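K.L.:
Following our numbering, the numbering of the sequence shown begins with 1 at its first residue and continues without gaps.
These are computed hints drawn from the structure, not numbers from a lab.
Note that the structure is predicted; figures quoted are calculated from it, not measured.
Every residue, glycine too, gets a C-beta built ideally from N, C-alpha and C.
Each hint should be verified, as a subset may be incorrect.
Stated by the list, open to error - Listed below are the simulated SDA-like cross-link pairs for lysine to any residue, each with C-alpha atoms no more than 25 Å apart in a straight line:
id : residue 1 : residue 2
1  : Lys198    : Glu281
2  : Lys34     : Pro95
3  : Lys248    : Lys198
4  : Lys396    : Ala349
5  : Lys198    : Asn225
6  : Lys356    : Gln392
7  : Lys224    : His259
8  : Lys184    : Asn246
9  : Lys62     : Asp20
Stated by the list, open to error - Pairwise CB distance ranges, derived in the manner of DEER restraints:
id : residue 1 : residue 2 : range
10 : Ala30     : Pro352    : 49 to 59 Å
11 : Glu82     : Glu346    : 33 to 43 Å
12 : Glu222    : Glu281    : 16 to 26 Å
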Amino acid sequence: MEQDQKRSNAKHKGGSDEKDFLVVGIGASAGGIKALEEFFADMPDDSGMAFVVILHLSQEHKSSLAEILQRHTQMPVEQVTETLTVEPDHVYVIPPGRHLVMTDGVIELKAPRRIKGIRVPIDRFFRSLAETYGKRAVSIILSGTGSDGTLGMKHIKGRDGFAIVQDPLDAEYDGMPRSAIETKIADVVMHVSEMPEKLLSVRDSTEKFRLTNGKDGETAQEIKNIDVLRDVLTLLRVRTGHDFSNYKRPTLVRRIARHLQIHETDDLKVYLQILRDKPDEVLSLLKNLLINVTNFFRDKEAFAALEKKVVPAIFDGKSGTDQVRVWIAGCSTGEEAYSIAILLSEFAAKLPDPPKIQVFASDVDDDAVAEAREGHFTEAVVSDVSPERLRQYFVKEEDGYRIRKSIRELVLFAPHNILRDPPFSRLDLVSCRNVMIYLNGFAGFSFQPARGRLSVPRFKRIGRKRGEHFSCDGQKAPHLSKPPVSCGLDRAAGDAACRQLGPESFRTSGKGPR
1 MEQDQKRSNA KHKGGSDEKD FLVVGIGASA GGIKALEEFF ADMPDDSGMA FVVILHLSQE
61 HKSSLAEILQ RHTQMPVEQV TETLTVEPDH VYVIPPGRHL VMTDGVIELK APRRIKGIRV
121 PIDRFFRSLA ETYGKRAVSI ILSGTGSDGT LGMKHIKGRD GFAIVQDPLD AEYDGMPRSA
181 IETKIADVVM HVSEMPEKLL SVRDSTEKFR LTNGKDGETA QEIKNIDVLR DVLTLLRVRT
241 GHDFSNYKRP TLVRRIARHL QIHETDDLKV YLQILRDKPD EVLSLLKNLL INVTNFFRDK
301 EAFAALEKKV VPAIFDGKSG TDQVRVWIAG CSTGEEAYSI AILLSEFAAK LPDPPKIQVF
361 ASDVDDDAVA EAREGHFTEA VVSDVSPERL RQYFVKEEDG YRIRKSIREL VLFAPHNILR
421 DPPFSRLDLV SCRNVMIYLN GFAGFSFQPA RGRLSVPRFK RIGRKRGEHF SCDGQKAPHL
481 SKPPVSCGLD RAAGDAACRQ LGPESFRTSG KGPR
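Start from the sequences, fold in the hints, and give me the full structure.
P.N.:
Okay, structure coming up:
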């Protein structure tokens, strides 16, 4: 398609409200300037999208990146030197020696976290982009070495954004693209010259499917043959053994709609046939439905409450002949399980005769469980773990960090379906924060008498039982409750502020693994 044709077909002016347009984060490192030049040479100047370029730059020299890119586009290209409101049809470029983050529709400068040899400005920006723009966020990973951008791309996908990766064969340096591709959740892998046209298609179908209007009841109304959704879920269950019938419909529809965008169709019946014909597409859809956004010590308020109030309480009265038993349901790639194991280990180290620690961590995704067992993480871990804990609990390796054996040995990882398999029993703490936000229905858990705790996501309502909240922040912190013997969680309930549990009781859902 000729450049003039692209421009005439791309007339789509964005409004001043950040809700009206997509924001495209572009991450690159070695070899990235050439790819960026090609991208902006082919990108229409009036697409109605905003672009933020994060490149690994030398901190010792002035950058001419903005001037270089300005030669290839009519859009204003600006190196960020102060807080700016993001506008459509503009290009924003990272300056040397600083990081960029998104907050409430503005782009801000931040000091880099200085750890020798570690550079993760792309991950940091992508994560803030995901938090601020969610379904309106697009990540593009271009040529570069290392793995910067991979974790941030996961966050964007976890918030129902879109992810594009440069074909490694097209990249001057293939490290960053290959790292992103290995996650198996990138939406498309393509030549840089194909990306502008794909972005225009994603923009148009995002609006057509109403993926960004914030109203779940209106999501994807324009998808043809939406009633075929039941057949899609049946095919997934038959081919993969995973049953998504209890997952929230809006989440399912949004993530399936992203696959319609990939294949450039608005007909679910057409996509069903693609699933039937292409086994790889079944696995791709499965991975996208199982995406779980997680990182070490996620939500500082939640972990502060666990560390200060819950961990001491569950150790209280226990000695070397006892056990502290914890279950992380929906452990994903292990960050939350290891974070809690670290808290438990730190407290136990202060006791003269500490009990044994056993952390059970489970997930429905076999690949995620296998990755969690390895305990290996990208360099982006430095954004979430304090330097002290990084030195004490991690070992630096060539391509990232590995959890020390002393912590890995505390955690037992296992594939487990919380909706189908019996739960673990005799627990002091259950963390359901990574699964309950996606599910409908009911689950029960068996706790240690008078000492069990349940940690669930923000905005979730706990089944009414007499108990005590240790942390209660309706905006950020999860519910942390102390049920007497058993606890039921109403996952179908909507948003609710923390509240004292009532006197009713629930039966446990059965005895599980011990």
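K.L.:
Could you run down the list of hints and mark each one as holding or not?
P.N.:
Hint by hint, here is what the structure shows:
no., hint, result
1, Lys198 - Glu281, "19 Å, holds"
2, Lys34 - Pro95, "18 Å, holds"
3, Lys248 - Lys198, "28 Å, violated"
4, Lys396 - Ala349, "23 Å, holds"
5, Lys198 - Asn225, "24 Å, holds"
6, Lys356 - Gln392, "20 Å, holds"
7, Lys224 - His259, "14 Å, holds"
8, Lys184 - Asn246, "24 Å, holds"
9, Lys62 - Asp20, "34 Å, violated"
10, Ala30 - Pro352: 49 to 59 Å, "53 Å, holds"
11, Glu82 - Glu346: 33 to 43 Å, "40 Å, holds"
12, Glu222 - Glu281: 16 to 26 Å, "22 Å, holds"
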